[in-house]
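Following the hints, put chain B in place on chain A, whose structure we already have.
So the protein lines, in turn, are chains A and B.
Quick note on this note's numbering: the first sequence kicks off at 4 and runs consecutively.
Quick note on this note's numbering: the second sequence kicks off at 52 and runs consecutively.
Because the hints were derived from the structure by calculation, they are not lab data.
Treat the hints with caution; some may be incorrect.
As the list claims (entries may be wrong) - Below, in silico cross-link-like pairs of lysine to any residue (SDA-like), each with a Cα-Cα straight-line distance of 25 Å or less:
1) K452/B x E406/B
2) K447/B x E140/A
3) K375/B x L133/A
4) K353/B x L334/B
5) K182/B x N103/A
6) K182/B x L133/A
7) K53/A x V32/A
8) K182/B x R124/A
9) K447/B x S13/A
10) K182/B x R38/A
11) K386/B x S13/A
12) K220/B x R124/A
Said to hold, decoys possible - Computed list of chain A residues with no C-beta within reach of chain B, every gap over 12 Å:
13) R38
14) G45
15) K83
16) H111
17) Y117
18) R124
19) I129
20) L133
21) L139
Said to hold, decoys possible - Across the chosen pairs, the derived CB separations fall in these ranges:
22) D87/B x K152/A: 53 to 59 Å
23) M396/B x P70/A: 25 to 31 Å
24) Q403/B x Q78/A: 49 to 55 Å
25) N251/B x P70/A: 36 to 42 Å
By construction, the Cβ of each residue, glycine as well, lies at the ideal position given by its N, Cα and C atoms.
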Amino acid sequence: MKLDKYLDRSLWVFHLNTGSCNGCDIEIVALLTPRYDVERFGIKLVGSPKHADVLLVTGPVNRKMLPRLKLIYEQTPDPKAVIVVGTCGSSGGVFYDSYNIVGPVDKHIPVDVYVPGCPIRPEAIINGVLKAWLKLERLRGSSGVEIEKKIEEVNA
Amino acid sequence: MSVSTYKIPIGPIHPSLAEPMTFNFEISGERIQSVDLAPGDNHRGIEFMGRNRNVVQIIYLAERICGICSASHPFAFCRAVENAAGIEVPPRAEYIRVIISELERIHSHILWAGIAAEELGFNSVLYLSWKVREEVLDLLEMLTGNRINYGMFMIGGVRRDILAEQVPKIRETLQYYKDAYQTLEDVFLKDPSIALRTKNVGIMTYEDALHLASVGPTARASGVKKDVRQDQPYSAYADMDIKAITPDIYSGEVNGDVYDRIIVRILEVFQSVQIIEYCINNLPEGEILSEPKIVKLLGTLKKAKGEGVGRHEAPRGEVIHYIKLNESENPEVWKARAPTYNNLMSWLPMLQMQEIADIPIVIASIDPCIGCMDRVTLVDPGSNKKQVLTREELVKLSIEKTRRMVR
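Excised from the complex, chain A in its bound form (with noise of 0.2 Å):
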């Protein structure tokens, strides 16, 4: 397989839900089953944000979750990728005017990839941390032309 070469140092995703409805998070689950099985691409859950390089941020952040949201993305080490799951998150969706909702998720930390969709499916959320990958992979010193050069290697 080539594409594990590229992702030589597999991305480890923590999982934190400041409010969603629960449907996100259990496609998120599915993305382990084996219909999805991304563990095949080295993607991992962890259970601490410590271990982890990829932050899967879902729901629409209320007042209680707003400081751990903030105390989560600064345990997670550098350098690091924050995905928001979710219309929720990337937006406020349905939730948009309530007064216990103080999101969206990118009014609080940076935000690098967005996944819309109410909610997603599995599928795209495997796109968006490979979008991840590539923020990452930038991170880690490789030029523009480098990485479009390995996308191809990996498409081909």
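Quick look at chain B alone, frame taken from chain A:
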């Protein structure tokens, strides 16, 4: 008491499986003395938002109360509005509603079974049950256009019809689940190591279940024959003879432990298969909406005045929606009561005097929309020493206990 007890706060953030929720445990040695719950991490103010929207917009909001119960909440909400405004639902729509909500029950119960197995350390069983679950999601996607959050319900009916060419695929999926019964029974009910970990763990007695007003499979596993579909038949359920499933049907006895909760949910999957089969065989012809023009429907609802209650048996138990319409565009009051709200208190008797390693499976056993945990802090009040356990370590404790007992 000078013998030191430990305090363990768990949550609110946890990596994979459910929503945020904080628990505070008082521990003596390995045994739990008392539990305190601190919910509110997932509060979004949905009822408040509903009061600023019109009734059709609220259906989509109700759907997003919970992504797993995304047929149950709109079902109960639509029934409440129809009750308040006196709208009749065509029979074909009632049957389609029941088919969708029973398909949801299949996916929800199998999802739960997989998560319960994962908490015990059987990851292969998690993979097996979620593989079985994907079939019903495929069917739901074909019928409604989405894997989760179906957008199927509308005041006075449903938004999409079931076409004749879709029926063979439904039958095929039902046959798949009939064949899968043997596998699920072997894996969950006949496996000695699952029985070792779940029998006599997290017991809730019949009396406790009544006092704490538990609902759904949690109450039925304690022997309470309570099921809205049986007690107050509604919609297409009224045409069928549905009986509440209690564990004595399978094992001949009621213990109210985690094992009994597994029995109830596995049997209910196959009850749902039978209900869907009945609906497909007896699907009436006719309209699917009492008023297809949404603008006209909203006009009627704007003039409506009155109160309505909608009840539905969701996968986790009874869900109730109450609505008060007062001749205006927005409802005056909207109140939703989800089953987990009732079942939260069931944790208190279940967790008493259990081991720390049993926390994950007991918490998961009521099928909460909120469940596992990220981090555990052990605080010794005597020395004020803090020890932080991650959820992984907690699950590791659970897995080690399984291995120990299997040996």
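Hints versus structure:
1. K452/B x E406/B: holds, 10 Å
2. K447/B x E140/A: Not OK: K447/B and E140/A at ~33 Å, beyond 25 Å, violated.
3. K375/B x L133/A: violated, 48 Å
4. K353/B x L334/B: Violated, because 32 Å separates the two Cα atoms, which is more than 25 Å.
5. K182/B x N103/A: Violated, because 37 Å separates the two Cα atoms, which is more than 25 Å.
6. K182/B x L133/A: Roughly 24 Å separates the two Cα atoms, so the pair holds.
7. K53/A x V32/A: Cα-Cα ~20 Å, so holds.
8. K182/B x R124/A: Holds. K182/B to R124/A sits at ~16 Å (cutoff 25 Å).
9. K447/B x S13/A: Holds, at about 23 Å.
10. K182/B x R38/A: holds, 7 Å
11. K386/B x S13/A: violated, 46 Å
12. K220/B x R124/A: holds, 22 Å
13. R38: violated, 5 Å
14. G45: The claim stands: G45/A keeps its Cβ more than 12 Å from every Cβ of chain B (closest is about 17 Å).
15. K83: Nearest chain B Cβ is 16 Å from K83/A, so the label holds.
16. H111: holds, 15 Å
17. Y117: holds, 18 Å
18. R124: violated, 7 Å
19. I129: holds, 15 Å
20. L133: Its Cβ never comes within 12 Å of chain B, the nearest being 20 Å, so this holds.
21. L139: L139/A clear of chain B: closest Cβ-Cβ about 20 Å, beyond 12 Å.
22. D87/B x K152/A: 53 to 59 Å: Given a distance of about 57 Å, which is inside 53 to 59 Å, the answer is holds.
23. M396/B x P70/A: 25 to 31 Å: Hint holds: Cβ distance 28 Å, inside 25 to 31 Å.
24. Q403/B x Q78/A: 49 to 55 Å: Between Q403/B and Q78/A, where Cβ atoms are some 34 Å apart, the hint is violated.
25. N251/B x P70/A: 36 to 42 Å: Check passed, 40 Å falls within 36 to 42 Å.
Checked against the numbered hints above, the structure breaks hints 2, 3, 4, 5, 11, 13, 18, 24 and satisfies the rest.
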